[in-house]
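Residue numbers (full-length UniProt numbering), protein chains in the order written: chain A, 1 to 453; chain B, 1 to 263.
No lab work stands behind these hints, which were simulated from the structure alone.
These numbers come from a predicted model, not from an experiment.
Accuracy of the hints is not assured; some may be wrong.
As the list claims (entries may be wrong) - Quick list of simulated restraints, FRET-style, between CB atoms:
| hint | chain 1 | residue 1 | chain 2 | residue 2 | range |
| --- | --- | --- | --- | --- | --- |
| 1 | B | I79 | A | T15 | 49 to 55 Å |
| 2 | B | Q102 | A | P43 | 22 to 28 Å |
| 3 | A | T63 | B | Q170 | 49 to 55 Å |
| 4 | A | C17 | B | K20 | 51 to 57 Å |
| 5 | A | P43 | B | Q170 | 40 to 46 Å |
| 6 | B | E116 | A | K254 | 19 to 25 Å |
| 7 | B | V250 | A | E216 | 40 to 46 Å |
| 8 | A | E422 | B | K208 | 55 to 61 Å |
| 9 | A | T15 | B | Q170 | 52 to 58 Å |
| 10 | B | V250 | A | S357 | 28 to 34 Å |
As the list claims (entries may be wrong) - To list a few chain A residues with every Cβ distance to chain B over 12 Å, as calculated:
| hint | residue |
| --- | --- |
| 11 | P22 |
| 12 | T24 |
| 13 | T87 |
As the list claims (entries may be wrong) - In silico DSS-like cross-links for lysine-lysine, where the CA-CA straight-line distance does not exceed 30 Å:
| hint | chain 1 | residue 1 | chain 2 | residue 2 |
| --- | --- | --- | --- | --- |
| 14 | B | K184 | A | K254 |
| 15 | B | K131 | A | K255 |
| 16 | B | K113 | A | K256 |
| 17 | A | K286 | A | K256 |
| 18 | A | K198 | A | K255 |
| 19 | B | K184 | A | K86 |
| 20 | A | K36 | B | K131 |
| 21 | B | K131 | B | K107 |
| 22 | B | K184 | A | K36 |
| 23 | A | K38 | A | K255 |
| 24 | A | K254 | A | K222 |
| 25 | A | K38 | B | K107 |
| 26 | B | K126 | A | K10 |
| 27 | A | K219 | A | K38 |
| 28 | B | K104 | B | K58 |
| 29 | B | K184 | A | K10 |
| 30 | B | K113 | B | K90 |
| 31 | A | K198 | A | K256 |
Cβ atoms here follow ideal geometry from the backbone N, Cα and C, with glycine treated the same way.
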Amino acid sequence: MGLTGLEIYKKLPQTNCGECGPPTCLAFAMQLAEGKAKLDQCPDVSDEAKQALNAASAPPIETVAMGTGDYEIEVGGETELFRHDKTFFNQPGVAISVSDEEGADDIADKIEKINALTFERVGQVIELGMIAVVNDSDDADTFVEAVKVVAENTERTLILVSQDPAAIEGALAEVADRNPLIYAAVEANYEEMTELAKENECPLAVKGDDLDSLAELTKKVKDLDYDNLVIDSGSRDTAQVLADQTVIRRLSIKKKFRPVGFPTITFTEADTVAEEVMQASTYVSKYAGIVVLSNALELAEVLPLLTVRQNIYTDPRVPVTVEPNKVYEVGEPDETSPVFITTNFSLSYYSVEGDVSGGKLDAYIIPIDTDGTSVLTGWAADKFGGKKIGEIMTEETDIEDRVNHKKVIIPGHVAVISGKLEEASGWDVLVGPRECSGIPSYIASRWEQELGA
Amino acid sequence: MIIIGERINGMFNDIGEAIKNQDPKPIQEWAVKQLEAGATYLDANVGPAVEDSPEVMKWLVEVIQDEVDAPVALDTTNIDAIEAGLEVHKGTAMINSTTAEQDKLDKLLPLVKEYEAELIGLAMDKSGVPKDSETRTAKAMQIIANADAHGIPMENIFIDPLILPVNVAQEHAPEVLDTIRQVKLLADPAPKTVLGLSNVSQNCNNMKLINRTFMVMAMAAGLDAAIMEANDEGLVDSIATAEILLGNDVYCDSFLNQFRKTS
Numbered sequence: 001m002g003l004t005g006l007e008i009y010k011k012l013p014q015t016n017c018g019e020c021g022p023p024t025c026l027a028f029a030m031q032l033a034e035g036k037a038k039l040d041q042c043p044d045v046s047d048e049a050k051q052a053l054n055a056a057s058a059p060p061i062e063t064v065a066m067g068t069g070d071y072e073i074e075v076g077g078e079t080e081l082f083r084h085d086k087t088f089f090n091q092p093g094v095a096i097s098v099s100d101e102e103g104a105d106d107i108a109d110k111i112e113k114i115n116a117l118t119f120e121r122v123g124q125v126i127e128l129g130m131i132a133v134v135n136d137s138d139d140a141d142t143f144v145e146a147v148k149v150v151a152e153n154t155e156r157t158l159i160l161v162s163q164d165p166a167a168i169e170g171a172l173a174e175v176a177d178r179n180p181l182i183y184a185a186v187e188a189n190y191e192e193m194t195e196l197a198k199e200n201e202c203p204l205a206v207k208g209d210d211l212d213s214l215a216e217l218t219k220k221v222k223d224l225d226y227d228n229l230v231i232d233s234g235s236r237d238t239a240q241v242l243a244d245q246t247v248i249r250r251l252s253i254k255k256k257f258r259p260v261g262f263p264t265i266t267f268t269e270a271d272t273v274a275e276e277v278m279q280a281s282t283y284v285s286k287y288a289g290i291v292v293l294s295n296a297l298e299l300a301e302v303l304p305l306l307t308v309r310q311n312i313y314t315d316p317r318v319p320v321t322v323e324p325n326k327v328y329e330v331g332e333p334d335e336t337s338p339v340f341i342t343t344n345f346s347l348s349y350y351s352v353e354g355d356v357s358g359g360k361l362d363a364y365i366i367p368i369d370t371d372g373t374s375v376l377t378g379w380a381a382d383k384f385g386g387k388k389i390g391e392i393m394t395e396e397t398d399i400e401d402r403v404n405h406k407k408v409i410i411p412g413h414v415a416v417i418s419g420k421l422e423e424a425s426g427w428d429v430l431v432g433p434r435e436c437s438g439i440p441s442y443i444a445s446r447w448e449q450e451l452g453a
Numbered sequence: 001m002i003i004i005g006e007r008i009n010g011m012f013n014d015i016g017e018a019i020k021n022q023d024p025k026p027i028q029e030w031a032v033k034q035l036e037a038g039a040t041y042l043d044a045n046v047g048p049a050v051e052d053s054p055e056v057m058k059w060l061v062e063v064i065q066d067e068v069d070a071p072v073a074l075d076t077t078n079i080d081a082i083e084a085g086l087e088v089h090k091g092t093a094m095i096n097s098t099t100a101e102q103d104k105l106d107k108l109l110p111l112v113k114e115y116e117a118e119l120i121g122l123a124m125d126k127s128g129v130p131k132d133s134e135t136r137t138a139k140a141m142q143i144i145a146n147a148d149a150h151g152i153p154m155e156n157i158f159i160d161p162l163i164l165p166v167n168v169a170q171e172h173a174p175e176v177l178d179t180i181r182q183v184k185l186l187a188d189p190a191p192k193t194v195l196g197l198s199n200v201s202q203n204c205n206n207m208k209l210i211n212r213t214f215m216v217m218a219m220a221a222g223l224d225a226a227i228m229e230a231n232d233e234g235l236v237d238s239i240a241t242a243e244i245l246l247g248n249d250v251y252c253d254s255f256l257n258q259f260r261k262t263s
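Given these sequences and hints, build the entire structure.
This is the structure we're talking about:
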């Protein structure tokens, strides 16, 4: 998105000298906005105007990479306030913090637990990808030792939490090659911190006391020629974090306000783990680039949070699907149970599944790959034809080994495909109800009789 | 779509008579009728029958707002009449209109600022209605830059790119559509756009069909508001339908009624 005519006009010298070609600065601004003129045609253009034009062509929020190998992540790079407008692109990193006061053995135990926080959901392995080492001891050597223990015990991406440049320098000597996030540059230390980040080419978190001081500080760091940044407005109270996150996202996208055009880092601060997970879920939903937890350590605690993250960052433009062309069991089906055909559009599949299980039926369901479209859409687009379904049933699934009958039930709306399906599969095709809500009564009144036929 | 009902205008005989006789009834009836049809603003124009004076505008605004709770578009070029209208107006008034001439803007914009009013700016100056969209857009920019300098929010500025009758000025309609698109890019947030819609079909056959068709085209180009015949049901139906197709309103089966209820 380019700058508007009005925004450019305000940055022009207002001399109306005409040397750029057009007679007035206003006319020149409009030509610039339309891409018909170049800024260097103006003899008096200021640095500010040049910066503004550059800002317009840059993405609103920088993308920042951290970590290495399997746990390398990119955060930021977002362009939306609401996911339904396009999508959210880069899932936020979720970290658990470890204190350097805990002692080497306890730290190693904790890391082992964190390493075990993994589960599978809709075919994806989900893990907790980051660990924050916190310099609670205020002692540089203790911190470096703790970072060493953590680094030896996990591959996960590290966040080095200390405002003491000596502690950060010592830790970077050990783990700089793992591209950790340095947390944080503040007003008192930003020159040294920026220097360390630059030397080691690591991302740097900048922390302000509020939004104003944060914006001031990022400007200073950018003036030192470093923009591999993550930002923290300093607030820890949920309501204030929510407000800050929203303002940061709006300013960077809607106003192209460069000092806050970076991914954010947030920290939970709650009395109970349940509250902490709710806080973190809020931050994941509302634009956080990284969320650092301090107490959660059980799978039951982080699983809901990582599930929220996966859901929020699902691309709403792509239909949600179930894995197609395989046999799903509902209840405890046996060799006499009915077999239903539907599509792999998750809304279609789960409607059928819900009505089958809701009717306390035991059955098999085969979702056919229609690229995630519904029954009628798939049929109209030639993705749900009798020949294709027959081939998938007999060649790609083991349904023939699971039942001792050869009767398959298709959605009533596509009764017309039954002939081709019979031909291709060799099965008897029963036309089910048009709506899956009719499945329980259909089975109750028809299935026994059909089986005997 | 912001519908500005055009009917309270002294050039219509019933309203002209009512103003002359200081009879509020026909004016108030049309105020209610237009709002029920889907209008949110009521244009008020004294018309040719009586002198366009501050007193008449003041009376007109008071008569309308005694009956209904709706903003009035003060349709006059007489600055004293505008100020008189603003003084008695309840809520956010709209001023209809100014051109891009600097001396007019210098006089009017402080009033717009003081009363936090909305302003319709015509994309023209004393040299007349521009032929092409570039010149129209440049005039619009003149108005916008001046308004911005007075600290008036862009959302309060309505740029009118000036549609002319299709039977005698056919080449203007596509230029107007292009101007609407361009004006939306001039500032962020963008200024609003408005049309004096009925002008497109002056003295043409099938006036309603022409109005309705151009309305839908202009909405696709980004039009925000229209001064129009609010009681033309086919026109309002077309607007409601266009809002659905542009994704501005969420579809429901009763979308024609919903549009009238919520606007």
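| request: For the pair we were handed, B:K131 and B:K107, check the Cα-Cα distance against 30 Å. | output: 27 Å, holds
| Given hint A:K222 paired with A:K254 - CA-CA distance at most 30 Å | Judged against 30 Å, a Cα distance of about 21 Å means the pair holds.
| Pairwise hint evaluation, A:K256 against B:K113, where the allowed Cα distance is 30 Å at most | 27 Å, holds
| query | Are the Cα positions of A:K198 and A:K255 separated by 30 Å at most? | reply | 28 Å, holds
| Between B:K184 and A:K10, is the straight-line Cα distance small enough, at 30 Å or below? | Satisfied, since the Cα-Cα distance of roughly 18 Å is no more than 30 Å.
| field | Verdict for A:E422, B:K208 (Cβ pair) under range 55 to 61 Å | value | 57 Å, holds
| Okay, A:C17 versus B:K20 on CB: inside 51 to 57 Å? | Given about 55 Å between the Cβ atoms, the range holds.
| message | Quick check: does the Cβ-Cβ distance between B:I79 and A:T15 fall within 49 to 55 Å? | response | Between B:I79 and A:T15, where Cβ atoms are some 31 Å apart, the hint is violated.
| query | For A:T24, which was marked as not at the interface, is the minimum beta-carbon distance to chain B over 12 Å? | reply | The claim is violated: A:T24 sits with its nearest Cβ about 9 Å from chain B, within 12 Å.
| query | Holds or violated: B:K104 with B:K58, Cα cutoff 30 Å? | reply | 21 Å, holds
| message | Tell me if the beta carbons of A:T63 and B:Q170 are separated by a distance inside 49 to 55 Å. | response | 51 Å, holds
| Between A:K38 and A:K255, does the CA-CA distance stay at or below 30 Å? | 22 Å, holds
In terms of the numbered hints stated before, the structure departs from hints 1, 9, 11, 12, 15, 25, listed from lowest to highest.
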